[in-house]
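*Asks:* Chain residues, written in single-letter form:
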Amino acid sequence: MAEEPTAPPPKPRRKRFIPNYNVDGVHRIAIGEETQIQIEIVMGMDITPQCPWKLVSKDKIMETIEVGGELSEFFPLKAELEAYTQNEVLMGFIEDDSNDLDEFYVCVTVEAKDHCKFQSDKFLKRQAKKLQKAVEKKPRPWTSLGSEIEIIELIPINTRAFLELEIKTAFPTAYQPEKFCVRDTSSVRDGYIELTPYRQRFNCVFQRRIDTGAQANPPRITRHAQTELRYPQNVWTQSIADALGRGFTETGGGGDTKREKGGGVDEFFDDDDDDDSADSEPEKEPIDEVALKPYRDAIKRMRRASYVKLMTNFMTTKDAEMDSIITLNTVMDIYCNDYPNLVTQKATGVVYDSMTFEDYVCFTDVRAKNKYVSCAVFHPMWTGIVAISYADASPAVMNTLSTRPDPIKRAVYGLNPVMIWSHIDSLFPKLYLEAPREVKVLSFCPFNENILIGGCINGQVVVWDLTNKLENVEKIEVLTETRERYRIAMNAHMGWMKRISDKAVVPATALSNLMTNHYGAVTAIEWFSPNFFISQTGFTELLTADQKKSSIFFTGSEDGTILIWNLSVENVAVFGGKKVKKSHRVARRPSGLLVDVSPFCVLDRVFQPSYKIILGVTGHPDTLALQSLAMTPCPITYTYTPKPISRGRKYFTCSILPQKEEDLNVVMYCGSQHGEMRRITWEGHAFNTGEVVNSEYCVTKYRCYIHDGIITCTKKNPFLHHITMTVGGKIMAIWSDKLLNRPLIWKKRPHRLTDAVWSLYKPSLLFITTDEGNMETWDLLLRSDLPIAVQTLSGTQLTGIHVHTLPLAKNIIGVSDSNGSFQMFLDPPIFMIENETYKARFDNMLSRELNVMQSFISWQNNWLKHNPQVLLEIKRKEGALLLEKEEQKRKAKEAEDQRLEEEAEARRLAKLRVIGPAERWTMIVNKLIERTIAVKKRINKAELIEQEKPLRELEAQRLEKERRMLEIMKNQTNIFNDTVAILFPEAIKKPPKPAKTYLPPDKGAVKREYIEDYEYLKESAMRTVKENPYHASFSWEATLSEGRERREALNTYEEYLNVHKARLNYEVQELTIQPQVKKELKKRSKEAISTVEFSEAETGT
Amino acid sequence: MANEAEETVRKLSTHKGVAGVIIVNGEGIPIKTTLDNHVSVQYAGLMGSLIDKAKSVVRDLDPTNELTFLRIRSKRTEIMVAPDKDFILIVVQNPVD
Chain A
45 MAEEPTAPPP KPRRKRFIPN YNVDGVHRIA IGEETQIQIE IVMGMDITPQ CPWKLVSKDK
105 IMETIEVGGE LSEFFPLKAE LEAYTQNEVL MGFIEDDSND LDEFYVCVTV EAKDHCKFQS
165 DKFLKRQAKK LQKAVEKKPR PWTSLGSEIE IIELIPINTR AFLELEIKTA FPTAYQPEKF
225 CVRDTSSVRD GYIELTPYRQ RFNCVFQRRI DTGAQANPPR ITRHAQTELR YPQNVWTQSI
285 ADALGRGFTE TGGGGDTKRE KGGGVDEFFD DDDDDDSADS EPEKEPIDEV ALKPYRDAIK
345 RMRRASYVKL MTNFMTTKDA EMDSIITLNT VMDIYCNDYP NLVTQKATGV VYDSMTFEDY
405 VCFTDVRAKN KYVSCAVFHP MWTGIVAISY ADASPAVMNT LSTRPDPIKR AVYGLNPVMI
465 WSHIDSLFPK LYLEAPREVK VLSFCPFNEN ILIGGCINGQ VVVWDLTNKL ENVEKIEVLT
525 ETRERYRIAM NAHMGWMKRI SDKAVVPATA LSNLMTNHYG AVTAIEWFSP NFFISQTGFT
585 ELLTADQKKS SIFFTGSEDG TILIWNLSVE NVAVFGGKKV KKSHRVARRP SGLLVDVSPF
645 CVLDRVFQPS YKIILGVTGH PDTLALQSLA MTPCPITYTY TPKPISRGRK YFTCSILPQK
705 EEDLNVVMYC GSQHGEMRRI TWEGHAFNTG EVVNSEYCVT KYRCYIHDGI ITCTKKNPFL
765 HHITMTVGGK IMAIWSDKLL NRPLIWKKRP HRLTDAVWSL YKPSLLFITT DEGNMETWDL
825 LLRSDLPIAV QTLSGTQLTG IHVHTLPLAK NIIGVSDSNG SFQMFLDPPI FMIENETYKA
885 RFDNMLSREL NVMQSFISWQ NNWLKHNPQV LLEIKRKEGA LLLEKEEQKR KAKEAEDQRL
945 EEEAEARRLA KLRVIGPAER WTMIVNKLIE RTIAVKKRIN KAELIEQEKP LRELEAQRLE
1005 KERRMLEIMK NQTNIFNDTV AILFPEAIKK PPKPAKTYLP PDKGAVKREY IEDYEYLKES
1065 AMRTVKENPY HASFSWEATL SEGRERREAL NTYEEYLNVH KARLNYEVQE LTIQPQVKKE
1125 LKKRSKEAIS TVEFSEAETG T
Chain B
124 MANEAEETVR KLSTHKGVAG VIIVNGEGIP IKTTLDNHVS VQYAGLMGSL IDKAKSVVRD
184 LDPTNELTFL RIRSKRTEIM VAPDKDFILI VVQNPVD
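In order, the protein sequence lines correspond to chains A and B.
Per my numbering: the first sequence = residues 45 to 1145.
Per my numbering: the second sequence = residues 124 to 220.
There could be a bad hint or two in this list.
The list that follows gives simulated cross-link-like pairs (lysine-lysine, DSS-like), each with its CA atoms no further than 25 angstroms apart [claimed, not checked]:
#1 Lys353/A <-> Lys198/B
#2 Lys1014/A <-> Lys937/A
#3 Lys1005/A <-> Lys919/A
#4 Lys1014/A <-> Lys935/A
#5 Lys134/B <-> Lys353/A
#6 Lys212/A <-> Lys774/A
#7 Lys547/A <-> Lys344/A
#8 Lys344/A <-> Lys208/B
#9 Lys656/A <-> Lys593/A
#10 Lys1014/A <-> Lys929/A
#11 Lys208/B <-> Lys337/A
#12 Lys223/A <-> Lys212/A
What the simulated footprint calls covered on chain B by chain A, stretch by stretch (three residues with Cβ under 8 angstroms from a Cβ of chain A suffice, anywhere in the stretch; the number is not a length) [what the hints assert, rightly or not]:
#13 144-151
#14 180-187
#15 199-207
The set of hints was computed from the structure by calculation and includes no laboratory data.
For every residue, glycine included, the Cβ atom is placed at its ideal position computed from N, Cα and C.
Use the sequences and the hints to build the structure in full.
*Replies:* See the structure below:
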């Protein structure tokens, strides 16, 4: 939108500057052309119209005056010019077209000159500015001419509201160091920590809350004045009144008059008086007339009409109020004391005032000393019954052991307690179940009340049949008196006998076959829906209504397998192995012995799984060390059916809800010991693979590492089966079946979380235990960032939490701590509210979260699709890393190859060795043994190879694929560069490199500087040379005389030399005749020549 | 005229649990009562002083305030006192069980 151009008020135009030269000392004179040339002030040559002023030499002007005399134009100014002190005179051309004369200003004083110079400079400056202004346009406020609409139309405008984005990282990459802050050590629980030199177990003792009344109430003051009467006479007017009444009666007249005048009221009053007087008649006390005076007055006054009226008025005003109060009082007691009621009737009334769990009972046993509760399960059909197994270690607790106990000793002599407790007896367990090894996990069959399954540390599965066991223990034998006596007598005689069969000890009914069960500790047991059956090949099928319900359970183990077991007696034979041995010795056992024999006895050591799911990937040896497992729970409802003998518990019966084919859910959530979460399923084989137990590698839907510790708990929501919760490390996560690869919600807590459980009343409610001994209650509907309540349940770590599954008026939650005790707490009623709407609301909330997540993911994908360079960059980096790894691998492979070669060489050398007959014999025998074994085992090598073929092909294909991938990866940088070059060619062009130079940017300045330097140096050098001339003392005479002396010194031997010369000449002549002396002569001549030369040189100088 | 006051007293005394009604004059003398004479006198005297005290308490707390009603709850009875310039109406009632 263009703004209305507001016309600014026009600035007042600046006044045109006209220089003023008409001051004192400035004269106007016309100068002829000759003079102009003479004094060098010709228009167009020396001066221009732009700068008409010039300094003219005074001498020249004076010259013209001298030359021209009176004719000179300057003559009138002669005197003034002579007085002028400076050498140059300022003159200015006056532009005037009116006449032909060239008129000039001449400044004849210094002041005038300065003034004119200033004026002219100013004028010039003005002119220049004006010119500049004319050339350079100044920016002015923008005025709309209508074109902006077209431009604005082209600008994209955000019409949609901004999107709100919540971005969560996949995992907290590092723990941020927390800021240190000042804490009041005395106000917190862990203010001081004592560091002891030895290992010590700490138990946090939390302070009990103490209510102290510190109200400042005033001291009690007993002041008798309080009750002292204002009218002391009233105290004893009782008798006086009586006396008064008596007086009246005695006097008689007063009473009569009263009756006449006062009417009914008085009559009433008087009647009373009469009665009283009758009572007090025996007292013959003298009447205190003074005290009676006011009474008499009052009575007198009462008779007055005005007084009566006054009283009636008073009565009418107060009547209504008093009447209503009294009526209310008759109807209800508004002052009823509620406080005792609040205390005594707390249990009956449902008051949602507290979120604290109340202590109920605590189970501890000496046999479980120094052990942890490894698992605790509430009975699905009997209330208040809990089976607890104890183990030496707990996944939630980190132990530091100085010495490791001998595992064999531990297995043989150690106790493996599994106990069944009832909430009514916290001192002794009801049953003690025997187990061969430490039991890690327990599970009651949800549709058979008598079956308890346990998973051992060695991978075995234990089955206990609890039929009638509890009843046997609880049964009190009622004996007649004689029978009792006899029994005592018998026992007295049998003092040597030791009772070996304790009814409270239950041996294991069946143990699984060691060959086929897990080879790691069993960590999870889940029951499969009884409406479905899983065959030996892993196929699931729906059982029709008339078929018998199955009882199938899954066990997960640390060894990375899930086994599927079918707990049925019918097809024991199918399991192969050995048949049930029949005792021939006793044809039939007495019926009494067979009463409590379980039908599952036949499974003992024969029981084996029907199918095996391996939590790994084909071809890779590493599997998931499973810690927890979650499956869709069985669809079973429990109904209360009272039994005649219910020893402090209620009995329920189960009914299995019918299911359809599509209700089957074979998706399992597996939490590992290393914090990995996998969602898996299995498919089953179409054929029997021929293994003892058919096995299959699971189908992994996705895997996610989000937990920073062992996933101790994986549990499905009891209401919404598509929701699963996992707890591991310090992180709690909620997963949805509809969201892949990431959790729906996850929260990180400040403490390690050890276990969690969903509430059975409200779908959004869950309880989490921490290793600080706290239990956190979360309600995801109310708030999902923090727990709604935190309660400290124990001084040590809590290791597990379990909820009582059956409805009770006050339901129970069980918590185990690291002291090996199992504490039961009563739920506060606020956590037991059931409402149909909760489910829908929670579902809504989850679908909303899901929607947020999914929309975010799709947005992210979209963004990445539109911004591929980011991804490319990431990929490039990854590729570089991969390349590096590949290089390392290649090197390792080379080393391996070399090693193999060497080995082959060694083998070849060994082969070259002569094989003795004995060795050959052993080789033949070995081959024979191999062949025999193969025949016995029915192994056909060719067949094996044939069977292996598809696998090998697959492997080859995989390798080929990897190779191709790597090739692409290697070329990644090239591909990337090419792509960039095509898409963004300008990105490739690099800015020209600045030429490396030591020269400063301004060459001319340097040159000038150097030249100046040179000039200076030259000058100074010349000066120095001139100032210090070199004077060498030299005289020709001295030199000549010196030379002459030397000559003379040499000439002293001249004669001697001449003699020699002559002799030499003579000898040379002789030489032609006597060649034998030639050599000698030659030597001599040489010497002679040198001397001659020398002499000649001397003479030369 | 006096009949009206009399009638009111009777009406009040007919309510369930009412043990007695007393009208006390400004000097602390019970002028109408349904109770025994000496009980009435005792009530009148004690209540008179209590009312004076209560009045002064209310006035001391807030000079513009005025006592209009006084209820004394005890384990056995409740005493309701309606004070006025010239009279005091006292009702003694046994509360409902």
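*Asks:* Take the hints in turn and mark each one as holding or not.
*Replies:* Now for the hints, and whether the structure bears them out:
| no. | hint | verdict |
| --- | --- | --- |
| 1 | Lys353/A <-> Lys198/B | violated (37 angstroms) |
| 2 | Lys1014/A <-> Lys937/A | holds (19 angstroms) |
| 3 | Lys1005/A <-> Lys919/A | holds (18 angstroms) |
| 4 | Lys1014/A <-> Lys935/A | holds (17 angstroms) |
| 5 | Lys134/B <-> Lys353/A | holds (19 angstroms) |
| 6 | Lys212/A <-> Lys774/A | holds (17 angstroms) |
| 7 | Lys547/A <-> Lys344/A | violated (99 angstroms) |
| 8 | Lys344/A <-> Lys208/B | holds (20 angstroms) |
| 9 | Lys656/A <-> Lys593/A | holds (21 angstroms) |
| 10 | Lys1014/A <-> Lys929/A | holds (12 angstroms) |
| 11 | Lys208/B <-> Lys337/A | holds (22 angstroms) |
| 12 | Lys223/A <-> Lys212/A | holds (23 angstroms) |
| 13 | 144-151 | holds (count 4) |
| 14 | 180-187 | violated (count 0) |
| 15 | 199-207 | holds (count 4) |
Hints 1, 7 and 14, counting from the list given before, are not met by this structure.
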